[in-house]
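Asker: Once you've looked at the hints, dock chain B against the given chain A.
Here the protein sequences line up with chains A and B, keeping their order. Just so we're aligned, residue 1 is where the first sequence starts under the numbering used here, counting upward by one. Just so we're aligned, residue 1 is where the second sequence starts under the numbering used here, counting upward by one.
Possibly wrong hints are sitting among the right ones.
Unchecked claim - Distance windows between CB atoms, simulated: (1) B:D715 to A:Q322: 23 to 29 Å; (2) B:V262 to A:F3: 42 to 48 Å; (3) B:D715 to A:S358: 38 to 44 Å; (4) B:Q781 to A:S358: 32 to 38 Å; (5) B:R795 to A:A25: 40 to 46 Å; (6) A:Q322 to B:I375: 44 to 50 Å; (7) A:Y79 to B:K863: 20 to 26 Å; (8) B:K910 to A:A25: 17 to 23 Å; (9) B:G609 to A:T32: 47 to 53 Å; (10) B:G892 to A:A262: 45 to 51 Å; (11) A:A25 to B:N188: 53 to 59 Å.
In short, the hints are calculated from the structure, not lab data. Cβ atoms here follow ideal geometry from the backbone N, Cα and C, with glycine treated the same way.
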Amino acid sequence: MNFRNLFVLTRKEIRSVLGDVVLIALMVYFFTGAVYTSARGAATEVRNASVAILDHDRSELTGSIVSAILPPRFKTPRYVSDADADWLLDMAKYVFIIDFPHDLEKNLSDGKNPEIAIIVDATAMTHASAGTGYLTRIIEEEIQRYLQKIHLGHELPSPGVDVVIRNRFNPNASSIWHMGVTQIIGNLSLLTLILAGAAVIRERERGTIEHLLVMPVSSSEIAFSKIIANVLVILAFALGSLFFVVHGALDIPIQGSVLLFAAGTACYIFSFAALGIMLATLAPHMPQFGLLCIPVYIVLYLLSGAMTPLDNMPETLREYIQISPTVQYSLFTHQVIFRNAGLDIVGRNLLYIIGVGSCFIIVALLRFRSMLSKQG
Amino acid sequence: MSDYAVETSGVIHRYGTLEALRGVDLKIRRGTSTGIVGADGTGKSTLLSLIAGIKILQQGTVLTLDQDISKAACRYSLSHAVAIMPQGLGRNLYPTLSVLENLEFHARLFGLSRRQREQRMSILLAATSLTPFAERAAGKLSGGMKQKLSLCCALVHSPELLILDEPTTGVDPLSRRQFWNLLRIMRNEDPDMTVVVSTAYIDEAEGFENTVVMDDGRILAHAQTSELVRETGSRCLEEAYLKILPEKKRGKVEGFVIPPFVPEENQPPVIEAENLSKNFGKFTAVDNVSFRIARGEIFGFLGSNGCGKSTTMKMLTGLLEPSSGTARIMGSPVESGDISVRMRVGYMSQAFSLYEELTVRANLRLHAQLYSIPISSQGRIIREAMDRFELTAVAREYPSALSLGVRQRLQLAAACLHNPEILILDEPTSGVDPAARDMFWDYLIRLSREDRVTIFVSTHFMNEAARCDRISLMHRGRVLAVGKPEDLRREKNEDTLEKAFISFLEEQQDAVEEVPEDQLQAAGRRERGGSDKSGGLFYSLFIIYTFAVREMKELLRDPVRIFFALFGAVILVLTAVHGISFDLSTMPFMVIDQDQTHESRKFIKEFAGSPYLTLKELPESGSTDPEYLLSRYAVRLVIEIPPGFGRDLLRHRKPEVQFHVDAVFPSVSNNIVSYAGGITEQYLRHEMETSSFPSVSGRIGYSVEPRFKYNESFDSVYVITPGLIMIAMVLFPGMMTALGVVREKELGTISNLYTSPARVYQYLIGKQIPYIIIAFICFLQLCFLAVFILDVPVRGSFGALCLGALLAITASSSFGLLVSCFVRSQIAAVFGTAVLSIVPSINFSGFMFPASSLELSQQLISKTFPGCWFQLISLGTFTKGLGFGSFIHIYGMLLLLIFSYLALAVLMLKKQER
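Okay, chain B solo, but in the shape it has when bound:
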């Protein structure tokens, strides 16, 4: 065992043409804590992901806890010893699962026994004071609580190496302080644990033993934090950091000079909120909030996560309607949705809300166009904005390739592009590096003072709050205090605004979260051996079970999805069974009688008397072109009787009667053709019986006897019902699982697969189990529907049918997962599964058309889908009366399909990101 927890050398990483890491050599000693600081997009996250082994290494070597992360076996054993908390608020949490369930899921993935789990979970929850919220859904937690829960999830298996990627970005100061306290105490209790943290808050990095300063994919400095400060002759790390950085990236080292704000006399307020309230159900998000903001003022909004800042801002932009109270922008009420007001407002939301599928430049261009910036000046304005927000280098990149901070800069650039008179900015600087933050503020101050732009901004940074003309403190939907930052600080007699802020909050009893020291200590105590169970069949099944339980919980909390999963197929079968029919019906026809004799009228009468045909009168006037009649009057047959028909018939001259058949539907026209022949024969027989035709001897002795098997009555319901059950069981499970993987990729929870010791096949199998259960219940319902409502009995073995259904469902849900591993977007997943499975299961399965008459290539295609196999079982048991014995080879084929789909899916889904 070497002294180093992490050793990297020559690590280079590229995203397309963008070089994120340009040769990183880094050694981190075991048992130390290290903070990584640097500007946005300098490769901090990339480096951390590589160290954790969740990103595919491109070049160089990375040894983590002496394991080479380029080897799959090493990564697997590492996953028990390393924990990584990904960037973004609660990215590894499942929003519909409760706090406890999220934690339990992680604990199970690492194979902790029930006793270990309960002990560990209760300690961690107590230490983070999340115990009272154990039952709350993770999606409803505030940002700070989400991060604490994320930390719990990361710590649940007592890792040797803990990697935190910007854990406090977007978290309010109070929660941030609690978070670092928690981590500090845990480290004290478990001094062997190595901690690596990246952060945008330089002052936070001061608390770590070592500091790594990164810039532009390289390491600029790596030393003990205290030494770094001393060497550069600085007072604090923040100053040292700025000195290490290249000159042009330092931002405002000397601090800001903000000209004092002088309100204009007798001007109405630009933004006005009067007793604004917003309720979501029983929950009051904003409670009676009032304020007025004058032209050119910078108004700051502070408060803990989830206190109602964003909701208030959304009401001011008209995105949400207030439950009561009024909001006015430039004198006019917001609700009116006045386009001219919107032209004068710029808004930046907390979450990234620009288009991922457009490049940086295209996003800005879209804004320019929608805000009606003249085409002649668009190019110049976009260029200027990209220069100002340092986006020129990434103009052709897509936002998904950019780091959090760069994305924020893009959003701000978009919000300011059209020179609005009001800017509403919701946490514009969270995740942005200090230099860029200074640049933001420099720009905002200029806008305010020179162009008299009114700025309404929310932030978690106290130094930013201090730059506002006035700030408002919010807590639990209410405004605690409004005033100049300096006045508020003095009011509390604190030396910094941050302390004043915390003491304001602490007056509110519910904000204080006292954590007993002994619990914190217990939480830090390491209990090794959590992973005894790893390896072995039991553990493997346990992991599958864990994934299955999680997926099932998520599914059960989505009543709409359950409803459609259960009843969508029932609706489908009920409608379709009434709509599709191969039964023969009456067809309208017309006659053009050019003979008009007794004979021709008898001939027509014979046709009119047929139960399959209905005579329609020829229109009085207009064309008698047969094609015209067919298309204009929607008749399916036009009979054209030639002049002299009667005469020729009596003289045995075989008159020629033309039958014009509408052959658009070949199945219909075939039937009409056979009716035409049959009815003509019948007519001739009648003629012979009643007239003076010479008698013809009957048929010479033989007979051809058709014997219709399985469905003697030719009733199509016995064929269509089993077929529709087949279609439902092949389509629905696939549609449900198709979103499984790609959705987790889009939402970020896929990182749990990357970081845990779970194997891909365990993940995939676990994920599909709930859908198999739901689909099977649905199948039983369909059987009930068939037998008791549609009167289609199961003539063969019901058990054989059930086994077949189970295998078919599993096969199609595996197919859905395969598609899900392959596609990049949820749309492509839904569409792809539908496209790829609908044709083989409707056209090639033997449902509509006999499979035996397909061409060879089509038969081969259809055999790679479960539809054609299950069709044999469904029709075989329902209508043909077959049992287990007939289906042994089909069961085998379905198993082979399941295995092949899953094997392909496992190959497609890497346990690392690119």
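Same shape as in the complex, but just chain A:
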């Protein structure tokens, strides 16, 4: 491989990416606005959960329970009427409706075992189970406090263990931290796949690759120049996003070595760009490439363990999916950014990423010329 050619071609690639103003604008939005909004918006823990109250009792007790349901975990509850309750759940306006029965307070002090119902939209999987737990605890605490008050409470002795929770790597177990980093993984994957693949398709559709191949450059130089250009451009965007959006705007501390993260990200972009180029040699034009890309990207991303943990996958699928560079990269990212892991721990992931990427690039190079002769 001639390194001067590689340099010249790489510079040309970078210039042509940076030349498309709309594309650059989209990329900037993608790594700033899109990361910020989706990190702030999507909560995997119970946050901002919406609660409605059906209060048939209207007592001091129910009032104190309602005022104990507080942000940030819950939105301020709203009172609703019986008639609306079903519709509100159907239209997903609320996830929880607490139903205080008639004469709750009176029955409670009379010892008549009143029942408070929490109606839960069980399709809101991320909130339903944990949120019900929190609400139950709040209600129980308020009732205990109430009962103690009316019985002029004497505290009951109980044995106990003081459960101290230490959330490691993410002290408040904030999903903003998690989603901020996850978004970068997803966004840079999509961008790499499309940019690298489209760079090949564009050369082919405009006929420029024909010209390139009669010049004294080899097809590996062409392919690698596209990969290097993408690594440089996208790495710059990803690191910028990490510093200014994830670290700056979202206030997420970066635990591990930035240098290690940058190196690993470069490996990953290489690997995924190689996949993009391989896909591009399989698809003759942009419409087909677009349709090929999207399922590949979404499947790899959803199964990457970036969004939901790999632990939740069925055993066999979890084993097979280890091949995916996205899985290895999201393991790597979590280890480095949050857990401050060193090369001794993540080295294996990097080797995987590079190995798979090399396979992609070999297939792509083998297909490069045959793709041309099919054209004629």
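Answerer: Relative to chain A, chain B alone:
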């Protein structure tokens, strides 16, 4: 009605800083024919586009058939009366559609009735002798046939004004002659028709009544052709043209002096082809071709379009592998891909193949660098090349802003830049003006004679062929004759080489295309009233239908695209449904037991016994720092039991146990926290039952009862499946339509929208219909998959779900079109649609996270995308058991979205080019 078909005054047009027209005043009488000639980039095409009303007028006035083209209403009524055939081979044709289908598409756009259509089409096809090829895909036609088909398409609605922009550029002499004959006869039959033609062949312009000579954005002369020749005292128009031009642009008026070629003795041939053949499937493009070219020879390649010239050249450059036979360049076989051989060859392909995104100078610099020209001399060589090919003025321009001829000059400059020993040039001069052509040849001859550069060139110009040392005539993949031009002419006893060429071809029976005179006459007969149907709802629907049918045909001929459109979503749903799960699973944990008593071991056992947790042994050695354990051993929880745990517990001193939770995934850590609390409680209860703890009274009488609605079993498949169907139906249609408009812009077929009377909204709606159909079929498949394979029943109304899906699909395909109207490249379209729609449809739609817990701004964003609305319908019908009644307002919102997207798209997509 004035006497003039075209009246322009003071027309000025700029492309950025480049001034294409500098005040053009032109009047063309009705019923006349006018040829416009001039050098490349003098504004011929710009002027013609402005007259046709397909380019936005910047300054001045243009009246075409008495209509002011700056007014939209006038342009609309004009579109029925004007036809324009754009520059470039078959730019207004759809390559995958057949000849008949292309023609029918154009006929329908102009609202011809079925009877009129069939009559008109059969006449036109017969007149152009395309009838035998009616079923052939337009992309597989030769260049000449493409141009004839383009002409048919332009003539299909019997226009009053016919505008042809370089219709014969790149077309072989025989086809060219047939083309002009056809036009002449049609004009005879329909004398009212006004014809305006621009051409690079001056001799062709001689056949027109009037001639306009343009140079540098101005009109130099406009007169009757015969008068022009007489006034300048010339023998022919070509001579007159050169005399009118400013002196330095005349090229070689006095003709060429070519020193005779003397081959070197005992030298091996530089280019050698031996029994070369190339088959594409059953089609033989090149059939057993052999020739040898000596050092310094100029070898010409002639032949009709599609005869295999380009294929042969591509085999010589190594771009294509021969099916059989060998090609040698300087003694070494081509296949070896030897870089050192490539350094010595320069190649110029027929189609423009330089980078559109690089400026003229940057393109040349790239070549200089790749051919390893020393950095010190790069600047000088590029400057010289730009001087020689007159590119200095446009050095900072991008190729897309340049005219065909200037682009060709750039390509030739690039091919010659590194002083190659062999030049392989595929139609280097097509579309180039005569003066520039002379300049090309002057340069080529110098290269050949002085530097002994071997030149292998293909051309359609006979005067160029005559300058070659030897020429080879090709037809249908075979070489008909090889020899010196003069010898070949004498062999046929003709007075010009062109006639000899045609008579060689005519010997081949299949090349002769006899067209009965009466058919030609019929073709010319005008039948007005083709556009009766214009206006009115029916016509409007008809146009939408026309666009839809065309798009559908194109889609159906692309099996790969159909496959992904239909099954991409199925693959997506099947994998993702297995991959994403909110179901709880077992988490590995470790314990650091600093107490090591009976109590602490019982405590650990309680945790190890939980179905949600699996105990992992603490490593024998190494750090016991909890963070290290969490990251090194991928456990999710480390429990740290303090010394004295057992003692403190028994004494009611509440020992403090630390639970170190890996909180990278907050959803997981939340679960672990609640397990930790629960299991500790359970442990304490067990302790109380079995030991001497004082008993505690049970709970005081009340209960809190959760009632889980819709999904009592908490099985995530009932939530994920409808959600994934939503994602598929929101993403795929958008991705498919996103390329719709921008692709037609890149390929040039968008000109059909500009020239036809179709409205933008008709075009957009028609274009999306096929994708809506495909996506809906895909949706039905997904429902089948959900119900029968994943066992997720539709508990509510299936009809309500289908209606919702239809509206959501329409909304997202409209969104794709909106993006397509907005972006400039196909990449930006694919990427933009993905970027803009993935986040709202995955994160904000209520699929992963309840929409009700989003912040207000995010809720507003999500409401402008179809995802969050269709999520309510999909989840509502599948899992919540709802019906039509619940969704009335959602249907309304989706309709509003569809309308807004399309309205914006219509505003973005102008019916004219810039």
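Asker: So, for every hint listed, does it hold in this structure?
Answerer: The hints, checked one at a time:
{"no.": "1", "hint": "B:D715 to A:Q322: 23 to 29 Å", "verdict": "27 Å, holds"}
{"no.": "2", "hint": "B:V262 to A:F3: 42 to 48 Å", "verdict": "44 Å, holds"}
{"no.": "3", "hint": "B:D715 to A:S358: 38 to 44 Å", "verdict": "41 Å, holds"}
{"no.": "4", "hint": "B:Q781 to A:S358: 32 to 38 Å", "verdict": "37 Å, holds"}
{"no.": "5", "hint": "B:R795 to A:A25: 40 to 46 Å", "verdict": "44 Å, holds"}
{"no.": "6", "hint": "A:Q322 to B:I375: 44 to 50 Å", "verdict": "48 Å, holds"}
{"no.": "7", "hint": "A:Y79 to B:K863: 20 to 26 Å", "verdict": "25 Å, holds"}
{"no.": "8", "hint": "B:K910 to A:A25: 17 to 23 Å", "verdict": "21 Å, holds"}
{"no.": "9", "hint": "B:G609 to A:T32: 47 to 53 Å", "verdict": "48 Å, holds"}
{"no.": "10", "hint": "B:G892 to A:A262: 45 to 51 Å", "verdict": "50 Å, holds"}
{"no.": "11", "hint": "A:A25 to B:N188: 53 to 59 Å", "verdict": "56 Å, holds"}
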